[in-house]
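Chemist: Chains B, C, D and E: place on chain A using the hints.
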Amino acid sequence: MGDIIVLIISCIFVNNILLAQFLGNCPFLGTSKKLETALGMAMAVIFVLVMAGAITWIVQYFILDKFKLEYLQTIAFILVIASLVQFVEMFLKKSIPGLYAGLGIFLPLITTNCAVFGVCIINMKEGYGFLETLVSSFAYAAGFGLALILFAGVRERIILARVPKPLQDTSIGLITAGVLALAFMGFKGMV
Amino acid sequence: MNDMVKMVVVLTLLAAASGFLLSFAEQKTAPLIEMQVLNNEQWPTLQTIFKDADNLDTLVDQRFKIDLGDDENVTIFPGVYNGEPKAVAFEAKSTGFGGPLGVMVAVNLDTDEMVAIGVTVSQETPGFGSRAKDEPDLANQFKGLGLLQSFSVKADGGDIDAITGATVTSRAVCAAVTSAGETYKSIKPEILEKVKAI
Amino acid sequence: METNKKFVVSYAPHCHNGDRISKKSYNMMLAALPAVFFGILQYGVAALSVICLCVSTAMAWELLFNRIMKQPPTIGDGNAALTGLILGMLMPPVVPWWVIFTMTFVTILLGKVVYGGMGGNPFNPVVLGYAITRLSWGVFLDVDASLAPGYIFDFNMANPIVAIKSAVWTGAGADAAAAFPPQVLLLGQHCASIGTMFGLGLIVGGLYLIVRGYLRWELCLSYLAGVIVTAALFSAFGPEGKYAGAAFHVLTGFTLIAAFFFMAEDSSTPVNLIPMLIYGIGAGVLTVLIRNIGAYPDGVIYAFLLMNILNPLLDNIRPKALGKVVENE
Amino acid sequence: MKRRSFLGLVKPTLEYTTLAALSSIPLKKVPASKTATFMVPGTMEGTDLLALKVGDEVKAGQALAPIADSDDYAISTIAGKVTALEPFTDAHSNAFIAVTVEAADDQEWADSLGSDPDLAAVAANLQNGPGALCLKPVLDPETNINTILVLGMDQDLMTTAVQYAVKTRGAYLAKGIETLKKITGVSEIILVVPSDLTGNVQGCKCTIKEVGASYPSANPKLVMHNIVGKTVPAGKTLEDMGVLCLSAEAVAALGESCETGKPCVNKIVTLVAKDGEALNVQVPVGTPIQDVLDVKRIALNDGDRLILGGPMTGVATYSTSLPVLPGTDAIMVQDGAKLPEIEDASCVNCGECIKVCPAKVPVNMLVRFLENQLYVDAAEKYDLLSCVDCGFCSFVCPARIPIYQYIGLAKFELSRMAPEAE
Amino acid sequence: MAKTLTQEFTKGLWQEIPPFRLVLGLCPALGVTTTVQNGVGMGLATTFVLVCANLLVSVLRKVIPAKVRIACFIVVIATFVTLVGMLMQAFTYPLYGMLGIFIPLIVVNCIVLGRAEAFAYKNPVLPSIADGLGIGLGFTMALGALGAVREVIGTGCFTVPFGPTLTILSADWYTPFAFMVQAPGAFIGLGLMLCLMNLVPSK
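Protein chains in written order, with the UniProt record's numbering: chain A, 1 to 191; chain B, 1 to 198; chain C, 1 to 329; chain D, 1 to 422; chain E, 1 to 203.
Quick caveat, the hints were computed from the structure, so don't treat them as lab data. Positions of the beta carbon are idealized from the N, C-alpha and C atoms, including for glycine. There's no promise every hint is true.
Okay, the calculated beta carbon distance ranges per label pair [stated by the list, open to error]:
1. C:Asn-156 <-> B:Leu-38: 37 to 45 Å
2. C:Asn-316 <-> D:Lys-29: 40 to 48 Å
3. D:Ser-70 <-> C:Ile-317: 25 to 33 Å
4. A:Lys-93 <-> D:Ser-187: 35 to 43 Å
5. D:Val-10 <-> C:Leu-33: 24 to 32 Å
6. E:Lys-67 <-> A:Ile-4: 40 to 48 Å
7. C:Val-184 <-> B:Asn-140: 49 to 57 Å
8. A:Lys-165 <-> C:Ile-317: 14 to 22 Å
9. D:Met-417 <-> A:Lys-94: 38 to 46 Å
Cut-off 27 Å, straight-line C-alpha distance, at most; resulting in silico cross-link-like pairs (DSSO-like, lysine-lysine) [stated by the list, open to error]:
10. A:Lys-33 <-> A:Lys-165
11. C:Lys-5 <-> D:Lys-338
12. B:Lys-28 <-> A:Lys-68
13. A:Lys-33 <-> C:Lys-320
14. B:Lys-154 <-> B:Lys-185
15. B:Lys-154 <-> A:Lys-66
16. E:Lys-3 <-> E:Lys-122
Calculated Cβ distances over 12 Å to all of chain C for the following chain A residues [stated by the list, open to error]:
17. Ile-8
18. Phe-13
19. Val-14
20. Ile-46
21. Glu-89
22. Ser-95
23. Leu-109
24. Lys-125
25. Glu-126
26. Gly-129
27. Val-154
This is chain A alone, in the form it adopts within the complex (with noise of 0.2 Å):
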């Protein structure tokens, strides 16, 4: 249990995926402008990395190990996670309209998200076991979303301010972001 707390701090805070291991920028630039953007992005990263997680695990452990294909990782993963999103999109259209109006717009965005794809290879090379696995997932994408909301709320206020122009937008948000990450830093060694 406590290698749990320890693994869920350390994938949230210590080792953010966004800020410390630089995955899922993109993203992380382009839905943060709004602070209901953000959440929508948040809470859809979290939804599919879990599931992602999963079956990536039992896809490398039950199959690619199994036949000796580690090296069509790459290509297995991707896949697996591009046909999930599909799948995803479609159930949640389906089965629950109310949640796909909230997350619809942002399934497509994980396929090329690199933050879900990074922490499914992450999983395998840290040697992670099924439960761990999910754990991991969940918490790395947990702290995708943190990171993107908390920026979010930052940057709805820089978007007000006086920027110099040739700074605005994306620039300056990369800066804040660089903040962020500094800050962030401050977790370190806490596990």
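Modeler: Chains B, C, D and E alone, transformed into the frame defined by chain A:
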């Protein structure tokens, strides 16, 4: 319906072609990659920790693998001193500040004491943790200590002086050496058997 | 309807209470004086030159950026000088000039200019500038290293916050803290950065700011409460003797200057009651967490950066405006 | 004005000027002027045929309606001849036609009101009287007025005109309230006065409540919230809630008009000189401001500021030939050398405005949205419409941002957008 | 409308240079640019995938049904990414070690998928190759430049790609501003470079 068939056919063909291409590439590159790993990660360390061994030039070729169960295995490099395979080296891993950290441990088969250790893979923060690889202070402390015990840095109540400003890395090295000891304990009979052949 | 006189036509209100931004800056500098003077007395002319260099370069950079961006000079509002002064207070007595140049440059550029000047910055410029410099040139900002050549005092010459860090790992933090009793810390008989040595001076200055209304007591007290409660919990429930007590944490490191001077930076702090309390307590808890279990000796800097990030979200917690219609959707 | 106090720990307050503190001020009567100007809502553009022409003779108390078929008119307070009809636009971009009348030697009154007027007659004759008694909402069948709120307190600082009316015209006030009850049929009348004037209104047959002494507690929306106990929803008016808010001076004028049978035309105005010394004057509506200033021999120079209204919400104006309007409670002049400057600074988030805002508007965020012209967001998310227009935020702002002006502009833009959206 | 091959090639080098003008591919730009060599290596690996994927997608553009095109693109891209990973492991192992997880992540790099979708699927083979090469080399240049800035300021050194490490700023008088090679420095460095690029007109 025709569309549907076409879609399936195209995708299947693409996937099949990709599979063939990659398995071909895999076969061709696998031995190259293994040599690269050896040359880049383990060889530099082996060179330093076995610098007095007789078989320095051939020890890579003399390596052998021991099965640890669970699909894991460990590669053992035997070191020959005065014509006798007196020591073996193998790698143990742990996690440091910025990712995996590997420690090559050379151990005397007679006394179970460490001949030397060296850090192999390290992605530690430049300037801090990476000193574990570059500076011998930490590694030298292990020389001559019995491997069959657990190690920890002084801050945690052990005997090892941590590198200033890189406590996490120093701890990771201790953890790796400790786990090397456990591995060693379990596979020593097999090692002894195999080295006889040399 | 003609008149030959030209009157000023402007919008209401036609009166003002006379307050202006510069007044706050100058009052804060005034409040900082006791601590700064004491630091200069202890450390001598080297400290004076560090403080002067910090203040002057901060103003110079601000002026330079005003020029580059073709704005009217804003150094008149005193904010640049104040930023420089507080940065100077965080410095050890001896710092290479180029470290100060770079630090004030980074502070003014990344802390203020890129966000369009004072008020737009989501982060406390001082904290940001110090954090970046510390990350690169930590050794130059290290009080112990700075004191090693040339300074001899008749009191314990170790920087308490650093001394205790290594002691905590060996489980003897409380013993190490016992070497620094509160009166020693309050009266500046210990080694710390120029402006944080004299605890009493900081407290007096801070109380002045609170009384004048330039510092919200809610922020200051909740921060101190956060530090005290967390530190007390650690020392009560942690392993016996491992963690230092509350008094130590309040009086060492940057806690006091943070409580009284970082908190008075408006742009990065909340304005409503509940957010102010959460902000203060959160910063206090994080400070002690990082000190006790994190990688850094002093957690104040990171605690503030983290709470700065949270600030815009916190500010959404606010009282219901008059007649606000709550939609039932 | 009151400076920032040394003790900044507590919330800054502004106290209303009460008559108790200024009891020695006598009421000066401004003699009837030679010309008077009346503002009638409407525009002259596109109207070739004005119902009123230069040279027309008018009687005192006669309705001046320059545009035919329009409900808009003003009551002339003097008898004489129309000398000019000019377009005029006020600070809020409302269009008016300024009708200037030159006084005749013989002041003849139109026979308009009578001693027992009905609702229509009162509405017709007193809307341009002192305090601008506007009874239109009662006549409007769509609004269901069930309460009348009579404010016996000035809404701005340094102004004592309404208080003066309450203090000296208590009997007329009582009569006015009685008449109001009769002609409107509204039984619930609430009179709000400052604590030192409760003794002067004992004769009034209505609910009497006390209002606090700190600014802006006499603001109608705050009176509703704090004293009446009903909250006006953001963006709505008192009328939307069925409450008609009237100035006590207007009600007293109604009482006087019923007694005398002719419309009361004399307005009480607080005149504040450059040195801050104040005095109340009585002046017929329509009199040029210059005549009022002459009472104290106030000389204005270039760069000075002439304000119609009090220091917090008054409107600065450019000419002394403008008339005293029915709602002009104060005329204030400020020395050009002592005007507080306004700066183009951005908000520093100090929170002073949050401390003082009586409506709990998140001014610090609001001003950021207004500066970026995001008016719809400002209204939807940051409570722009909850603002009660007191100007306190601008008064305390250390960055000297013209917040009140931003808010005024935003409300104006929103009101312009609203019809477009439909 | 029709552009020459040269134009297709050069637009990626300046007008549409990622990630400065096209704000895509930020993750590798931030993650691997601690040295010039890493940046250039990452850029070249991406270029390889871009060119190959563009080529194949363009060749097959008439065969691939529109409905499953994204899936097909992904298969094609993933194949080449795996291939480049194997080749790098076999021939430039230390570089592969430094780039680590970012090599497989080329598969989700929006630039690659974006070019396949926006360009190669609609254009003949030669322009597609020119486009891929241009964008790829532009990306390489950008990563190299960012790597150079970060490395020189952050360590005082300059790693010639696949060559020696030169000391540009001598340790005698320069103390490296290590912030630049750390995570926050990546974001802030890229942000400031983006600002500089905004000051320069795109044409």
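Chemist: Each hint needs a verdict: does it hold in this structure or not?
Modeler: Verification of the hints:
{"no.": "1", "hint": "C:Asn-156 <-> B:Leu-38: 37 to 45 Å", "verdict": "violated (53 Å)"}
{"no.": "2", "hint": "C:Asn-316 <-> D:Lys-29: 40 to 48 Å", "verdict": "violated (56 Å)"}
{"no.": "3", "hint": "D:Ser-70 <-> C:Ile-317: 25 to 33 Å", "verdict": "violated (51 Å)"}
{"no.": "4", "hint": "A:Lys-93 <-> D:Ser-187: 35 to 43 Å", "verdict": "violated (60 Å)"}
{"no.": "5", "hint": "D:Val-10 <-> C:Leu-33: 24 to 32 Å", "verdict": "holds (25 Å)"}
{"no.": "6", "hint": "E:Lys-67 <-> A:Ile-4: 40 to 48 Å", "verdict": "holds (42 Å)"}
{"no.": "7", "hint": "C:Val-184 <-> B:Asn-140: 49 to 57 Å", "verdict": "violated (40 Å)"}
{"no.": "8", "hint": "A:Lys-165 <-> C:Ile-317: 14 to 22 Å", "verdict": "violated (33 Å)"}
{"no.": "9", "hint": "D:Met-417 <-> A:Lys-94: 38 to 46 Å", "verdict": "holds (40 Å)"}
{"no.": "10", "hint": "A:Lys-33 <-> A:Lys-165", "verdict": "holds (17 Å)"}
{"no.": "11", "hint": "C:Lys-5 <-> D:Lys-338", "verdict": "holds (18 Å)"}
{"no.": "12", "hint": "B:Lys-28 <-> A:Lys-68", "verdict": "holds (15 Å)"}
{"no.": "13", "hint": "A:Lys-33 <-> C:Lys-320", "verdict": "holds (25 Å)"}
{"no.": "14", "hint": "B:Lys-154 <-> B:Lys-185", "verdict": "holds (25 Å)"}
{"no.": "15", "hint": "B:Lys-154 <-> A:Lys-66", "verdict": "violated (44 Å)"}
{"no.": "16", "hint": "E:Lys-3 <-> E:Lys-122", "verdict": "holds (14 Å)"}
{"no.": "17", "hint": "Ile-8", "verdict": "holds (15 Å)"}
{"no.": "18", "hint": "Phe-13", "verdict": "violated (10 Å)"}
{"no.": "19", "hint": "Val-14", "verdict": "violated (10 Å)"}
{"no.": "20", "hint": "Ile-46", "verdict": "holds (18 Å)"}
{"no.": "21", "hint": "Glu-89", "verdict": "holds (26 Å)"}
{"no.": "22", "hint": "Ser-95", "verdict": "holds (23 Å)"}
{"no.": "23", "hint": "Leu-109", "verdict": "holds (23 Å)"}
{"no.": "24", "hint": "Lys-125", "verdict": "holds (24 Å)"}
{"no.": "25", "hint": "Glu-126", "verdict": "holds (21 Å)"}
{"no.": "26", "hint": "Gly-129", "verdict": "holds (26 Å)"}
{"no.": "27", "hint": "Val-154", "verdict": "violated (5 Å)"}
In the structure shown, a violation is registered for the earlier hints numbered 1, 2, 3, 4, 7, 8, 15, 18, 19 and 27, in ascending order.
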